[in-house]
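Novice: As a plain string of letters, each chain reads:
2 protein chains.
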Amino acid sequence: MALIVHKYGGTSVGSAERIKKVAQRVKSARDKGNRVVVVVSAMGHTTDELIALAKQVTDNPSDRELDMLLSTGEVVSITLLAMALRSLGAEAISLTGGQAGIMTDTAHRRASIIAFEPARIHRELECGKIVIVAGFQGITEDLDITTLGRGGSDTTAVALAAGLKADLCEIYTDVDGVLTADPRLVPGARQLRDISFEEMLELAQQGARVMHPRAVELGAVYNMPIMVRCSFNGRPGTLIHGGELVERKNKVRGIAHDLDVAKITVQGVPDRPGVASRLFTPLAEAGVNVSTIVQNAGVEGLADVSFTVSRQDLSKALGITGPVAHDLGARKVVSGDNVGKVSIVGSGIENVPGHAATMFRALAEHGINIEMITTSQIRITCVVEREQVARAVAALHSTFELDKLD
Amino acid sequence: MALIVHKYGGTSVGSAERIKKVAQRVKSARDKGNRVVVVVSAMGHTTDELIALAKQVTDNPSDRELDMLLSTGEVVSITLLAMALRSLGAEAISLTGGQAGIMTDTAHRRASIIAFEPARIHRELECGKIVIVAGFQGITEDLDITTLGRGGSDTTAVALAAGLKADLCEIYTDVDGVLTADPRLVPGARQLRDISFEEMLELAQQGARVMHPRAVELGAVYNMPIMVRCSFNGRPGTLIHGGELVERKNKVRGIAHDLDVAKITVQGVPDRPGVASRLFTPLAEAGVNVSTIVQNAGVEGLADVSFTVSRQDLSKALGITGPVAHDLGARKVVSGDNVGKVSIVGSGIENVPGHAATMFRALAEHGINIEMITTSQIRITCVVEREQVARAVAALHSTFELDKLD
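Protein chains in written order, with this note's numbering: chain A, 1 to 406; chain B, 1 to 406.
Treat the hints with caution; some may be incorrect.
Copies of one chain are not kept apart here, so a pair can be met inside one copy or by any two copies together.
What the hints assert, rightly or not - Capping the alpha-carbon separation at 27 Å, the derived lysine-lysine pairs in BS3-like fashion look like this:
id, residue 1, residue 2
1, K32, K165
2, K21, K55
3, K21, K32
4, K32, K404
5, K55, K316
6, K20, K55
7, K165, K332
8, K55, K27
9, K404, K27
10, K32, K20
11, K332, K316
12, K332, K404
13, K404, K165
14, K404, K251
15, K27, K165
16, K20, K316
No lab work stands behind these hints: they were computed from the structure.
Just need the whole structure built from these sequences, with the hints factored in.
Specialist: Printed below as a string of structure tokens:
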């Protein structure tokens, strides 16, 4: 008898009607003889509404109180789903993060799971019940309620699946699975049957919204296969896994893009040890997430250091970088927020030097100038002008023949 | 430094604006040098809205799931109040029933508090924090969330006050305190400065809505003085306590009435042992709450047994009583739901036989027929026609001079 974890996002449980549909899907998984654990997000826009309610009371709510307030959103949806399942004749029980044994650190709003105590879930499963767990939340040693921050419900699902040694973790969402590119930019984007953890992680980090990198990473660490599929139809979805993908090795699997990018370049930095540390430590301390760093070879002992941040962090980042650059003796700091990133991702593409050349040529042929380049073992990312991102994605999708079946 | 428990009902915390007002009141109690614990109900109609949401999913929600769903209402209000207090510069922390150490049995929807573990509250108080606790809810040994049923938040407040050995428990509500009668029936109804637990218990059981009998009873058991006062003004309220009321002893203190009454009479029951048990055991087993029982002296070995139930329970009660009465050989069962109760309440009024005579004479002078009479040590209740209840209350209020200062 297989143990399966399902996860449903806020859109999938956005109304009483949708919750009843989810209940039917969960029940049919149960009726096939599986033991089923379900992780649920808050209904629709509940979280935003609760934040708006808090803002009516104070401009600056404490993180601890906000976590406790937000945690009610998932409690509402798990109890409704449990009720819907019972009305279909299926035994079901809802559990808060705390009741489900999800222990976290005390970092409110962005807690990390530090332990999982599965005793209660096992006990309920042994009674034949479907167990419904509130996503996005956990409990500290002191019984304080925490939330996991971005990607929280996906992370809950993968953590439970790993901790329960489930056979499969199914993430139900409002898209059919992982696509070769954003279908709004590339109408011919095709759904992938499967993808490796590493590839998915790169796609997610480079802007693909289908799953949060944090949950993918957890899946990779525990080698827990994750199926991403649509909650509104019965289609098979995309399997993210750690197995061999021999026949598709060394191929480009997907194009990711990210429009939430701003670029800062510190020009003419003296090329000596400690410069990077002096530049980036204060940014990290201020909570600015630096996502791409490029340093060119120094000319006459001077280097240019470029990095990207999210657009909303740009002015904060400039305020920090300016004085530091001055102290370092840099020539000047320039910035721009009219940029975006486009990436090709595929396991082992570093082994095929032709991929990089093909990418750069395709962009050049479409008149797209490359402002920065970074690579990993399985990814090549170019920073280009924002208004050229869509054209770049479409060009690369076609050049690497991603519209054809693999 | 005194320890005070405040309790605010749903109306008092019905909006963000009202929550801010409550925060100011709580803070001013704190600023006077008190340690303060606050118990809060769910905002306004939240509980009804959550029940309506559940009904969209199923006609028959499980009690366990409904408890967990309903518990979110109080979590929202405690976190908002904590935020409002912090924005006023007061250190505050919100605690769910479970976090506050309120342990209950597993009777969902109507749980009883079986233990209170005050360690967390004491710890937070010692840090100088105002502690805000979710009313109406607790937690079982298994960490399941329960609700306490009717009068739950008042009960939470009194239980916390008793368990923490507080100096005073203040129940903030939308009326000024305990009145001598319902002011909608008696415009001259006067607020009482104080009242004994026993008197308040009788008033509450006989229809006064200001506090639930369950919370009053708990106050009596632990001798915890309770101040009932209005959250919208600074007036002093009514103190419910167990001290001496010497100068007011043996006086009628208040008139209670109850319109939610139906009457059943089983006529011509053979007057032998076991009859009452045979009649009332099946009603109790069916969850029908029988509130007044009168059996007259038997004539020719036959007695009439009358009792009252709430109007909504009448048909259920008749369905149970009919066959039992038949088996007992009773002559017939008659019923009516056009009745109400009016009661005079005052400590030691049984010591003043004149009170009963005065009551009966006053009703007679106003043409009001008495259908049933019951008495306790501190109460005399008459069942009369429903449309005469208002007149009866006014007549008794005037006869016993309750409009005059005591």
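Novice: 27 Å Cα cut-off: does K27 pair with K165 within a copy, between copies, both or neither?
Specialist: Within one copy only: 21 Å inside a chain, 50 Å across chains, cut-off 27 Å.
Novice: Which holds for K404 with K251 at a C-alpha limit of 27 Å: within a copy, between copies, both or neither?
Specialist: within (12 Å within a copy, 94 Å between copies)
Novice: With identical chains treated as interchangeable, where does the CA-CA distance between K332 and K404 reach 27 Å or less: within a copy, between copies, both, or neither?
Specialist: neither (47 Å within a copy, 87 Å between copies)
Novice: Quick one: K404 to K27, C-alpha cut-off 27 Å, is that within a copy, between copies, both, or neither?
Specialist: Answer is neither; intra-copy 36 Å and inter-copy 68 Å both fail.
Novice: Classify it for me, K55 with K316: is the Cα-Cα distance of at most 27 Å met within a copy, between copies, both or neither?
Specialist: within (23 Å within a copy, 49 Å between copies)
Novice: Checking K55 and K27: alpha-carbon separation at most 27 Å within a copy, between copies, both or neither?
Specialist: between (39 Å within a copy, 20 Å between copies)
Novice: Go through the copies and call it for K21 and K32: within, between, both or neither, with a Cα cutoff of 27 Å.
Specialist: Answer is within; shortest intra-copy Cα gap is 17 Å, inter-copy 55 Å.
Novice: At most 27 Å between C-alpha atoms: does K165 with K332 qualify within a copy, between copies, both, or neither?
Specialist: Answer is neither: 54 Å inside a copy and 67 Å across each miss the 27 Å cutoff.
Novice: With identical chains, the pair K32 and K404 could be close in the same copy or across copies; at 27 Å between alpha carbons, which is it: within, between, both, or neither?
Specialist: neither (34 Å within a copy, 76 Å between copies)
Novice: Is it within a copy, between copies, both, or neither that the alpha carbon of K21 lies no farther than 27 Å from that of K55?
Specialist: between (33 Å within a copy, 16 Å between copies)
Novice: For the identical chains here, do K332 and K316 meet the 27 Å Cα criterion within one copy, between copies, both, or neither?
Specialist: within (17 Å within a copy, 86 Å between copies)
Novice: Quick one: K404 to K165, C-alpha cut-off 27 Å, is that within a copy, between copies, both, or neither?
Specialist: For K404 and K165, neither the intra-copy (36 Å) nor the inter-copy (75 Å) Cα distance is at most 27 Å.
Figure legend: structure checked against the earlier numbered hints; hints not met, in rising order: 4, 7, 9, 12, 13 and 16.
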